[in-house]
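> Taken in sequence, the protein lines are chains A and B.
Heads up, the first sequence is in my numbering, so the first residue is 1 and it goes up one at a time.
Heads up, the second sequence is in my numbering, so the first residue is 290 and it goes up one at a time.
Keep in mind that the hints are not guaranteed to be accurate.
In silico DSS-like pairs for lysine-lysine, Cα to Cα no more than 27 Å straight-line [unchecked claim]:
| hint | chain 1 | residue 1 | chain 2 | residue 2 |
| --- | --- | --- | --- | --- |
| 1 | B | Lys368 | B | Lys528 |
| 2 | B | Lys368 | B | Lys355 |
| 3 | A | Lys73 | B | Lys355 |
| 4 | B | Lys645 | B | Lys656 |
| 5 | B | Lys550 | A | Lys73 |
| 6 | B | Lys686 | B | Lys550 |
Cβ pair distances, simulated, as ranges [to be verified]:
| hint | chain 1 | residue 1 | chain 2 | residue 2 | range |
| --- | --- | --- | --- | --- | --- |
| 7 | B | Ile705 | A | Ser234 | 44 to 52 Å |
| 8 | A | Ala265 | B | Gly670 | 45 to 53 Å |
| 9 | B | Ile705 | A | Pro23 | 20 to 28 Å |
| 10 | A | Leu56 | B | Leu480 | 21 to 29 Å |
| 11 | B | Val647 | A | Gly222 | 47 to 55 Å |
| 12 | A | Asp61 | B | Pro700 | 14 to 22 Å |
| 13 | B | Ile705 | A | Gly286 | 52 to 60 Å |
| 14 | A | Asp61 | B | Thr625 | 18 to 26 Å |
| 15 | B | Pro702 | A | Arg6 | 35 to 43 Å |
Hints were generated in silico from the structure; no laboratory data involved.
Just so you know, even glycine gets a beta-carbon here, dropped at the ideal spot from N, CA and C.
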Amino acid sequence: MSDRARAARIIAKRQVFEALISPGLYIALVVGLFLGYFLVSGFSRAVDSSGFNPQLHPLYDLIARALEGAFGKTFVDSLFAEGPLPFAFAVSFLPAFLYIAVSSVFKFGLEKNAGAVELVAYGPADGTSYLIASYVKDLFLVLLAIIVIVAFMVAAAAFYNYVAGPELFLTALVAFFLSLALFAYGVLASMLTGNASSSLALFVGIIAFFLVVLFGSFAIVGEYVRNLSTVVASAVQWISPFFYGNLSLKANAAGDSLGFFGGLALLVVLSGVILAASHFIIRARGVRA
Amino acid sequence: MKRAAAVITFLLALLPVFGQAPVRTENLIYSVLAFNGRDYSPTFVRAASGTIYLIAGVDNFLTVRKTLVYFWPLTGEWKTDTDSLNVPFDGTLEVTGRRGTTVPVILSRYTYFNERGEYELNWKVARDAEADRVWAHWAQIMDAYQAAMKDYRERVAKQGAERSSLIARIQSLRNAGKDVTALVDRLSNMLELEAPQPPQDYVVPPAEIQQAFILNLPRGEYSLRLRNPDGSIMEGSEKTLAVHEKRRSRGIGFEVIPGDKWTRPVESSTPSAVLYVDGSSDLYLRPYFEDEYNDLFYAKTIRNDDRGNPNLMKWERIQQVPRAEIQLTGAGPGATLIREEPWFVEQGQGATLGYKIVPYDPQGAQKGKDPSLIAFRIPLGRGSPVVGLQALDSAGKPLSGSARQIRVLAPPPAEIVLPLLALVPLAAMVLVIVGRARRHRRS
Chain A
1 MSDRARAARI IAKRQVFEAL ISPGLYIALV VGLFLGYFLV SGFSRAVDSS
51 GFNPQLHPLY DLIARALEGA FGKTFVDSLF AEGPLPFAFA VSFLPAFLYI
101 AVSSVFKFGL EKNAGAVELV AYGPADGTSY LIASYVKDLF LVLLAIIVIV
151 AFMVAAAAFY NYVAGPELFL TALVAFFLSL ALFAYGVLAS MLTGNASSSL
201 ALFVGIIAFF LVVLFGSFAI VGEYVRNLST VVASAVQWIS PFFYGNLSLK
251 ANAAGDSLGF FGGLALLVVL SGVILAASHF IIRARGVRA
Chain B
290 MKRAAAVITF LLALLPVFGQ APVRTENLIY SVLAFNGRDY SPTFVRAASG
340 TIYLIAGVDN FLTVRKTLVY FWPLTGEWKT DTDSLNVPFD GTLEVTGRRG
390 TTVPVILSRY TYFNERGEYE LNWKVARDAE ADRVWAHWAQ IMDAYQAAMK
440 DYRERVAKQG AERSSLIARI QSLRNAGKDV TALVDRLSNM LELEAPQPPQ
490 DYVVPPAEIQ QAFILNLPRG EYSLRLRNPD GSIMEGSEKT LAVHEKRRSR
540 GIGFEVIPGD KWTRPVESST PSAVLYVDGS SDLYLRPYFE DEYNDLFYAK
590 TIRNDDRGNP NLMKWERIQQ VPRAEIQLTG AGPGATLIRE EPWFVEQGQG
640 ATLGYKIVPY DPQGAQKGKD PSLIAFRIPL GRGSPVVGLQ ALDSAGKPLS
690 GSARQIRVLA PPPAEIVLPL LALVPLAAMV LVIVGRARRH RRS
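Let's have the full structure, built from the sequences with the hints guiding it.
Below, the structure written as structure tokens:
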């Protein structure tokens, strides 16, 4: 094992330990699981003799109206085709993901600003091993969060007689690979800026931009806006993690396994490219804030 | 005088409260009769809409006309007022593909019809001389049917007159105290006349012969415009033509009719879909073949001002699966094979509302009546929480993509368990904090 990899492993272990002894992740998980619980229990009340009818439950009525207005009835039908678990998983995952991503970006910027990264770089580690460690820590925590949430969903399925089927597990898989690329953007944002708040602002800006592009090309809009967003999307979609995530989900809906795993592989490639860019930036700019 | 003026002003102010006719504007439209995979749907493309959507590889009929269009807010749809203005245009429709090749299409006379067959889909299009022949054949069939009906009505009238005269004679003879047995026998032996059957050759008879530009194109994007007979281009006739096709076909969907809401069926069209029900009523199913189309393109093929999502695909019902069977698992011991049966809906007696669905008995209680529905009955109850089903074809082979699960949801025994599970990470956090505090104290 190279010195850099060994240093990254040790720093990552330390950072994981620090994350696990602080309450943030636990609280984010509880918030997410409670949101999931409301969705899972609400679904059973939105079912009558003819099947799932969102109008029977105020929460689902609200969700279905909002999603139907933005993405159409077909989207809502396919979202709940297998049951509530894939959607409940996505909602439960969001707080944990946001907590891990935001805290990581903020912490990286803070440590860089305080000179902690510079201090480590005087020893056996360098800036790249520090960013790899931070990235590995994020992946470990997000994997842990996904396992906890999937376990909760499986328990909910047994409890309410729902299907914990392939859609749930594929959604979890896509969420993990999507996190790979988003965390890589987090690292890049930390490399590009000088302090914690600007890192965070840049990271949030990048995610928001990709989400707007995705929304523009996916939502039901007028012909002109659709054409415009398609043009914008065709220019920037290649660097958007959501594009590849969407590609995977679409391939899955078409029964195309190769396309599904191809989309995930492209997310790995994108993450690699962004991390490589971060590596060159930190090498060029140094570890000082 | 002042009071009268005030009353008139008040009444005039009230005018907008009463119904207002929608604003009609003159538009050059494309009137489209598009094949949608199962039948033909009429729609129109107004001036503000830039794209016409058609299905590839089938005949679609287009005309260009000037008419009035208006928005009807009650249904949220655009409508045409062809009674006030309807001017069709002659000329040549120029269809240009992406490679720049232009194909001129001239107006053709046509009719379309759906012949009766084993399957529902037997749509045919006849053009020019063939259209005349089909129309003449249909006219001949209808003439024969109308002649038979006329004859039937005359015979019914004659029989009615004879019956009235017999009744009058029986009455008068009975009043005179004479024997009327022979006349009563004659009256009761009068046979009910059988009405002639309407023509059975077509499910949808040939439409009256019309003129249109008939487009049957491969998948792709084209530009469209109308060249007038004088060689000029009709202003406002330029449109984009999106010709799309199904992504997958021969999927199996189910029309699901709950026993307690038989007039409100729902559909299970996604092959991975799970049907969640509360188990309060049995289900009646009807399997159908379905094809998968782009959500937006299909919606706009049927109605050009409709909405849809261009990024999603949707299964569309095409036709019923003939002579299918359904294999059930989980509803009892082992697998059960069920067949399609006729059912009759009986209204509840007395003041209580509601109805019950009973097996149709053409010889008994429902003699002379038609069945209310023909479907597969799936018995459900809380005792069978998971019911699996699979449609089989007429040879008994499982139909691909027809496997479904029906899950009967019941209130969980202790609903507090799941929120407690959600608190597990919090418990883990407390354990970690307490453990570390203890370790610190020890050290």
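> Hint by hint, say whether it matches the structure.
Structure-based check of each hint:
With a C-alpha separation of about 19 Å, the suggested pairing of lysine 368 (chain B) with lysine 528 (chain B) holds against the 27 Å cut-off. Proximity of lysine 368 (chain B) to lysine 355 (chain B) is assessed by CA-CA distance (about 13 Å); at most 27 Å being required, the pair is judged to hold. Annotation: proposed proximity of lysine 73 (chain A) to lysine 355 (chain B) is violated, straight-line Cα distance about 34 Å (limit 27 Å). Annotation: proposed proximity of lysine 645 (chain B) to lysine 656 (chain B) holds, straight-line Cα distance about 18 Å (limit 27 Å).
Simply put, lysine 550 (chain B) and lysine 73 (chain A) have alpha-carbon atoms about 22 Å apart, close enough for the 27 Å limit, and the pair holds. For the hint pairing lysine 686 (chain B) with lysine 550 (chain B), the CA-to-CA distance comes to about 31 Å; that exceeds 27 Å, so the pair is violated. Between isoleucine 705 (chain B) and serine 234 (chain A), the C-beta spacing of about 51 Å keeps the proposed range 44 to 52 Å intact. Separation of alanine 265 (chain A) from glycine 670 (chain B) is about 47 Å and conforms to the stated range, judged on CB atoms against 45 to 53 Å.
The given range of 20 to 28 Å is respected by isoleucine 705 (chain B) and proline 23 (chain A), whose C-beta atoms sit roughly 24 Å from each other. The hinted range of 21 to 29 Å is not satisfied by leucine 56 (chain A) and leucine 480 (chain B), whose Cβ atoms lie roughly 56 Å apart. Against the hinted window of 47 to 55 Å, the Cβ-Cβ separation of valine 647 (chain B) and glycine 222 (chain A) comes to about 52 Å, which satisfies the hint. Roughly 20 Å separates the CB atoms of aspartate 61 (chain A) and proline 700 (chain B), a value that falls within the hinted 14 to 22 Å.
At roughly 56 Å, the beta-carbon separation of isoleucine 705 (chain B) and glycine 286 (chain A) lies within the given 52 to 60 Å, and the hint holds. At roughly 37 Å, the beta-carbon separation of aspartate 61 (chain A) and threonine 625 (chain B) lies outside the given 18 to 26 Å, and the hint is violated. Hint check: proline 702 (chain B) to arginine 6 (chain A), Cβ distance near 52 Å, so the stated range 35 to 43 Å is violated.
Checked against the numbered hints above, the structure breaks hints 3, 6, 10, 14, 15 and satisfies the rest.
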